[in-house]
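These protein sequence lines map, in sequence, to chains H and Y.
Per the working numbering, residue 3 is the first one in the first sequence, and the count goes up by one each step.
Per the working numbering, residue 24 is the first one in the second sequence, and the count goes up by one each step.
Be a bit skeptical, because a hint or two may be false.
Dumping the calculated BS3-like pairs for lysine-lysine here, alpha-carbon to alpha-carbon at most 30 Å [what the hints assert, rightly or not]:
1. H/41 to Y/132
2. H/123 to Y/218
3. H/215 to Y/132
4. H/126 to Y/132
Some chain Y residues well away from chain H (every beta-carbon gap over 10 Å; in silico) [to be verified]:
5. 53
6. 143
7. 223
8. 293
Derived by calculation from the structure, the hints in this document are not laboratory data.
No experiment lies behind these values; they were computed from the predicted model shown.
For glycine and all other residues, C-beta sits at the position ideal for the given N, C-alpha and C.
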Amino acid sequence: MRMEFLELTSLSKSFSGETVLDEVSLSVQEGGTLVLFGKSGAGKTVLLRSIAGAIEPDDGTVVIDGEDVTSVPPEYRGIGMAFQNFALFPHMTAYDNIASSLTSKRMSASEIRTKVDAVAKLLKIEHVLSHAPKALSNGQKQRTALARALVSEPRVLLLDDPLRNVDAKLRFEMRLELPRLLADRGATIIYVTQDYKEAMALGDRIAVLDQGKIVQIGSPDDIYRRPANTQIAQLFGDPTINLLDVVPKEDDRGLHAFLSDQRVDFHGKFPGVAGRDCIVGLRPEALSFTETGGFPVTIEAVTPFNEKTVTLVTTLRGREILLSQPAQDPVPTGPKVNLQIAARDAILFDRETGNRIAPEPDGNRVEEAA
Amino acid sequence: MDHTSFLERWFRRVALSIIIVFFMFPIFWIVLMSFQTNETILRSPPSMSFTPTLDNYMAIIAGRLDSNVASMGIDFVNNLMNSIILSVCSVAVALVLGVPAAYAFARHKFRGSEDIAFTLLSFRFAPPLLVLLPLTLYFQEIGLADTYLGLVWVYQLICLPLILWIVRGYFEDISPDIEYAYRIAGHSWFSTFRKIALPLAGPGIAAAGLLAFIFAWNNFIFALVLASADKQPVTVGALAFVTASGIQYGQIAAAIVLSIAPTLALALWAQRYLVEGLSLGAVKG
Chain H
3 MRMEFLELTS LSKSFSGETV LDEVSLSVQE GGTLVLFGKS GAGKTVLLRS
53 IAGAIEPDDG TVVIDGEDVT SVPPEYRGIG MAFQNFALFP HMTAYDNIAS
103 SLTSKRMSAS EIRTKVDAVA KLLKIEHVLS HAPKALSNGQ KQRTALARAL
153 VSEPRVLLLD DPLRNVDAKL RFEMRLELPR LLADRGATII YVTQDYKEAM
203 ALGDRIAVLD QGKIVQIGSP DDIYRRPANT QIAQLFGDPT INLLDVVPKE
253 DDRGLHAFLS DQRVDFHGKF PGVAGRDCIV GLRPEALSFT ETGGFPVTIE
303 AVTPFNEKTV TLVTTLRGRE ILLSQPAQDP VPTGPKVNLQ IAARDAILFD
353 RETGNRIAPE PDGNRVEEAA
Chain Y
24 MDHTSFLERW FRRVALSIII VFFMFPIFWI VLMSFQTNET ILRSPPSMSF
74 TPTLDNYMAI IAGRLDSNVA SMGIDFVNNL MNSIILSVCS VAVALVLGVP
124 AAYAFARHKF RGSEDIAFTL LSFRFAPPLL VLLPLTLYFQ EIGLADTYLG
174 LVWVYQLICL PLILWIVRGY FEDISPDIEY AYRIAGHSWF STFRKIALPL
224 AGPGIAAAGL LAFIFAWNNF IFALVLASAD KQPVTVGALA FVTASGIQYG
274 QIAAAIVLSI APTLALALWA QRYLVEGLSL GAVKG
């Protein structure tokens with residue numbers, strides 16, 4: 003079992019009476035990658051800066067490798083950080099920018115050169131090392147900022163949405179490249195992003211931050227399949243999850259609801275949920291067209307993307323549902339079709355609080371997990 | 024591509040010419056006067072035709088003021104040296120004190136920081152004479168009257184607020200992230216100040232320094248009250264040309280040309296920084 007390398011305990015921060023971080027506690031294992039995910043203003047950047055030491059928290063502790071660094075100045079924390087706005091030093095060349103992480107250490111000029119050249123090669127920016135930041139493209143700036151964070155081989159690497167300000171093509175490339183690059187380093191990584199695809203691709207674990215609080219923390223699979231509330235369910239996934247108001251009923255076959263007057267069963271035991279105002283969450287890719295059974299819907303619009311086809315259908319009651327399927331699967335013709343739901347993919351939420359209602363653990367589930 | 028009509032361009036040229044003539048003519052006339060004798064200056068109607076003479080400059084450099092009735096010694100070159108000493112020292116002291124202070128005000132919002140910054144600015148509100156009268160008494164008491172040290176000290180009333188407020192705006196314009204990045208890269212706050220903040224605020228510091236230099240150079244009242252003849256700058260020294268036997272216009276003109284030459288040269292050289300400094304640093308809300 004790897005040890006917890008970075009531990010935050012009830013970190014709080016407020017700016018002029020406004021709470022930005024509210025008792026945030028989390029921990030990352032040595033060499034692990036935690037993605038901090040949340041909308042802008044959720045407190046991600048403030049949290050990251052508190053770890054780096056650029057912001058002093060009002061309350062709580064930051065422990066790195068068993069050492070309480072809460073009041074240690076940033077230069078002694080052994081952290082590498084890449085900023086969202088790159089924060090390159092405009093009056094220095096790309097080389098000096100990267101080397102700045104090493105000049106503070108006792109290191110000869112030739113050693114520094116070797117290290118900078120190595121990391122520049124890794125990030126494919128060897129040819130622009132002599133340029134000033136304003137002569138670099140956005141992608142090169144971002145790589146220079148990343149190189150600056152990586153070159154000193156820090157124990158903890160903080161990446162504040164490093165792909166935010168680069169174009170879509172580069173972002174896609176980096177999303178593929180980064181995990182390998184970071185895994186090679188062995189550093190403990192906290193990665194901030196607003197892009198759920200990035201979060202899913204990069205994180206061992208994802209912490210969802212909202213209004214300065216951690217709402218859910220778990221594996222990407224957890225967050226996607228068992229979101230803590232409707233908000234998180236909506237943040238992850240494209241097209242977004244279908245949320246339909248239902249009032250489930252229970253009989254001897256278990257909990258169920260009706261869509262287009264057809265019975266939809268829920269997988270698992272939900273004691274005390276029958277008769278409550280609920281929301282059922284259906285991932286667009288958990289739905290499929292079927293010849294027999296299912297419930298009747300009307301096709302309203304078909305939007306083909308390259309890799310998938312998104313279809314908008316309405317139920318008998320006029321409720322809209324999005325359905326996503328691989329592009330090669332045919333969309334049935336004719337407005338009236340039948341839709342099938344994979345029951346175990348239906349997620350049940352409480353309508354009042356928006357929180358997920360978890361099924362009670364039973365024998366079957368334990369078997370599944372084993 | 025060119026959307027301006029012929030008339031518009033023509034009108035713009037005329038307007039520019041009028042403005043240039045309005046502002047530059049006095050300087051042009053002073054330069055002309057400095058090459059004339061008192062007789063040619065004072066003839067009526069004034070004329071542009073005369074035989075240029077260097078007598079005025081010679082008299083000033085030699086330190087002899089010759090009029091038609093008498094001859095007296097003036098020490099204009101010494102005045103010029105005093106101006107240089109006072110202005111350079113004042114600006115240097117104000118930079119050493121003001122730039123770190125500006126950085127502190129820009130980066131660290133401590134309790135009362137706004138009040139202190141505003142108090143420093145308020146030095147510029149009071150009429151100088153109001154400050155000077157009590158100061159004269161104090162200075163005589165503690166032996167600072169008529170010393171370079173005392174004058175440089177009082178000149179801080181002019182230079183320090185100016186540098187503080189302009190440079191502060193520049194420091195505030197630097198993204199704090201850039202400084203955090205340097206700290207996180209393992210550098211102390213002092214080396215961050217030296218290697219990041221100072222170079223990036225460089226143009227602003229140059230502009231503020233230049234403005235402070237000009238204001239210090241043109242100061243009249245502090246030196247008039249606090250300095251005796253051997254410490255007086257050119258602004259006060261020029262009074263010597265108003266003599267009992269008349270006003271020596273030619274020599275005054277030559278003295279003015281000599282005394283604006285250093286600031287003019289400095290301002291032309293740093294013009295780019297100056298405009299940038301005024302529009303970026305000081306105006307920022």
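Hint by hint, here is what the structure shows:
This hinted pair checks out: residue 41 of chain H and residue 132 of chain Y have alpha carbons roughly 28 Å apart, not beyond 30 Å. Note on residue 123 of chain H and residue 218 of chain Y: the hinted pairing holds, with a Cα-Cα distance of about 27 Å set against a maximum of 30 Å. This hinted pair checks out: residue 215 of chain H and residue 132 of chain Y have alpha carbons roughly 27 Å apart, not beyond 30 Å. For a cut-off of 30 Å, the pair hint linking residue 126 of chain H to residue 132 of chain Y is broken: about 41 Å separates their Cα positions.
The beta carbon of residue 53 of chain Y is kept farther than 10 Å from every beta carbon of chain H, the shortest such distance being approximately 41 Å. The beta carbon of residue 143 of chain Y sits about 25 Å from the closest Cβ of chain H, which is more than 10 Å, so the claim that it is off the interface holds. Some Cβ of chain H comes within 10 Å of the Cβ of residue 223 of chain Y; the nearest lies about 6 Å off, and the non-interface call is violated. With 10 Å as the threshold on Cβ separation, the claim that residue 293 of chain Y sits away from chain H holds: the shortest Cβ distance comes to roughly 19 Å.
Against the hints set out earlier in the document, violations occur for numbers 4, 7.
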